[in-house]
Amino acid sequence: MVAVRRPAGRVGCVSVAWLALLPMALTALGAYLLTILWTARVSLSSARIFPTGDFVGLGQYARLFRNARWLLSLENLAVYGLLFIATCLVLGFLLAVCIDQQVAGEGVLRTVFLYPYAMSFVATGLVWQWILNPALGIQGVARRLGFDDFAFDWIVRKDTVLYTVVIATVWQASGLVMALLLSGLRGIDGELWQAARIDGIPRWRVYLSIVLPMLWPSLSTACILLFVMVVKLFDAVVAMTQGGPGTASEVPAKFIMDYLFGRANVGLASAASMVLLLTVLAIVVPLYYARSRALQRSRAGRRA
Amino acid sequence: MKRDGSLAVQPVSVAARPRRPLFAPARLGIYAFLLTAALFFLVPLYVMLATSLKPMAEIRLGGIFALPLAPTIEPWRTAWQAACTGLECEGIRGGFWNSVKITVPSVLLSIALGAVNGYALSFWRPRGAEVLFAVLMAGAFVPGQVLLYPLVRALASVELYSSLPGIVIVHVIFGMPMMTLLFRNYYAALPQELFKAARIDGGGFWRIFFALMLPMSVPVIAVAAIMQVTNIWNDFLLGLVFAGSDNLPMTVQLNNIINTTTGERLYNVNMAATLLTSLVPLALYFLSGRWFVRGIASGAVKG
Numbered sequence: 001m002v003a004v005r006r007p008a009g010r011v012g013c014v015s016v017a018w019l020a021l022l023p024m025a026l027t028a029l030g031a032y033l034l035t036i037l038w039t040a041r042v043s044l045s046s047a048r049i050f051p052t053g054d055f056v057g058l059g060q061y062a063r064l065f066r067n068a069r070w071l072l073s074l075e076n077l078a079v080y081g082l083l084f085i086a087t088c089l090v091l092g093f094l095l096a097v098c099i100d101q102q103v104a105g106e107g108v109l110r111t112v113f114l115y116p117y118a119m120s121f122v123a124t125g126l127v128w129q130w131i132l133n134p135a136l137g138i139q140g141v142a143r144r145l146g147f148d149d150f151a152f153d154w155i156v157r158k159d160t161v162l163y164t165v166v167i168a169t170v171w172q173a174s175g176l177v178m179a180l181l182l183s184g185l186r187g188i189d190g191e192l193w194q195a196a197r198i199d200g201i202p203r204w205r206v207y208l209s210i211v212l213p214m215l216w217p218s219l220s221t222a223c224i225l226l227f228v229m230v231v232k233l234f235d236a237v238v239a240m241t242q243g244g245p246g247t248a249s250e251v252p253a254k255f256i257m258d259y260l261f262g263r264a265n266v267g268l269a270s271a272a273s274m275v276l277l278l279t280v281l282a283i284v285v286p287l288y289y290a291r292s293r294a295l296q297r298s299r300a301g302r303r304a
Numbered sequence: 001m002k003r004d005g006s007l008a009v010q011p012v013s014v015a016a017r018p019r020r021p022l023f024a025p026a027r028l029g030i031y032a033f034l035l036t037a038a039l040f041f042l043v044p045l046y047v048m049l050a051t052s053l054k055p056m057a058e059i060r061l062g063g064i065f066a067l068p069l070a071p072t073i074e075p076w077r078t079a080w081q082a083a084c085t086g087l088e089c090e091g092i093r094g095g096f097w098n099s100v101k102i103t104v105p106s107v108l109l110s111i112a113l114g115a116v117n118g119y120a121l122s123f124w125r126p127r128g129a130e131v132l133f134a135v136l137m138a139g140a141f142v143p144g145q146v147l148l149y150p151l152v153r154a155l156a157s158v159e160l161y162s163s164l165p166g167i168v169i170v171h172v173i174f175g176m177p178m179m180t181l182l183f184r185n186y187y188a189a190l191p192q193e194l195f196k197a198a199r200i201d202g203g204g205f206w207r208i209f210f211a212l213m214l215p216m217s218v219p220v221i222a223v224a225a226i227m228q229v230t231n232i233w234n235d236f237l238l239g240l241v242f243a244g245s246d247n248l249p250m251t252v253q254l255n256n257i258i259n260t261t262t263g264e265r266l267y268n269v270n271m272a273a274t275l276l277t278s279l280v281p282l283a284l285y286f287l288s289g290r291w292f293v294r295g296i297a298s299g300a301v302k303g
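Residue numbers (this note's numbering), protein chains in the order written: chain A, 1 to 304; chain B, 1 to 303.
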């Protein structure tokens, strides 16, 4: 944040400024703060379609954590989130480092790696549903080529369907990590490489031990963005598997939508969304805090 | 930073040498990896395109990776004007125009509000506004599901639920944290003297905004427009909940065409519809190039 001095007070104009900020005030307080409080309140009631005034304590939360589908959704989210974030970070880092080696066709490669990010998750889900289609997709092609035992039917198998969602969304989002880390790499002083060469440190070692820690601000940004995507995961699942086969690829965002609109159990859905909100806070707040500390430190370092 | 400081200081006496290319095998490995990755990223686009140009008979024969033997644009025509969503068979064109009707006002409105917010926050700084801004930024991390039900009830109470103005309002609300942050950071980097001089010349709140700040904001407006068009065009969840059956955006109609059809699945039509839906953001991406990347970076890295 850049400190700006307040111009000498002219009360009339400041009230115009307040008037201009009214939509923001309404959004911040009404659309964000108030709705969260409302959802919290509904989660403590027995509301089904319309809000009810009653108070059932933590009853909805107790029911929620006895709900097998919710527990499965949470487990799926954890497995998916870990795999998705880890794969995106590793792939994005490798791509950024390789592109940073002064390769030919850098612009084309960057465009190719990032274009899926411009597409919607729905489109991504549908394309991969088609490619992974057991009869006509990759498996079908391989079998027609004579590999009769070739099996790649992950999308219709309960124990593997989640991995197909990981593949599709990594395809879409790892370019974002590449772009963020590449701009981080470009900000690193060229003298670092000379110093490392003179000291005879191998390049990969420099990347792992020196460059990677220096990329922390870009990395934490990428982590936050990826994490927000994980929690929001809904479109891609709906488009690709509709939560199936059975309930094998259910995720919390879809659980909440189903109970809000399909099954008309607003109280339970609100409890579920509060759990989701608390999970986000528990993970994003420390990350965000660490990131702004790192940014401040690097700014102070630059100024010194 | 301490770590690179201590390393960077030592070799100053050594004459700067140009970065040598790595020796050949490593270089080969890098290219092999990059090309493999490029293949992984490009194959889905190719499969979409190839499938959308094949007649169904050719698809049934197999080979999603095969080039179309008898290319036809019939699937594209069907996808645009005759594919079925449930009972209606009018293609995806209705969704396209709905998406246009949703995206244009949402983008304009959210950019206008973001610009005014950023301007007021950076230069006028009314008391308490920073607190509001902090609340708004925290809101950016709240999962949408938490807001859905209260927003539905609130919009229903003013009879805007399931309407075009309703979905526009929702998009403006969900876009406001990012837009405000974008403009606030941009204006905060402008020299404060500029604003002071305009104040001394007697400029008021709106006059300084329209005559001085807005003309200087073209780059940030471009970045904001790219971000918002992409986000809103690609939205699925909000359109599904708030737009109402008459205004369903293209993404929702696309999903309906593909995942609720009964009978034989027309994969070629499906892929044509998917490409049609992705056309606007992809065109924007390929045309805007670095601006797109700048949007990602400026929205996320600062702040």
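Just so you know, the hints here were simulated from the structure itself, not pulled from any lab data.
We put the beta carbon where it would ideally sit given N, CA and C, even for glycine.
One or more of the hints may lead you astray.
[Stated by the list, open to error] Partial pick of chain B residues on the chain A-facing surface, computed with a CB cut under 10 Å:
no., residue
1, 33
2, 180
3, 267
| said: Of the numbered hints stated earlier in the document, which are not met by this structure? | reply: The structure conflicts with no hint, since it agrees with every one listed earlier.
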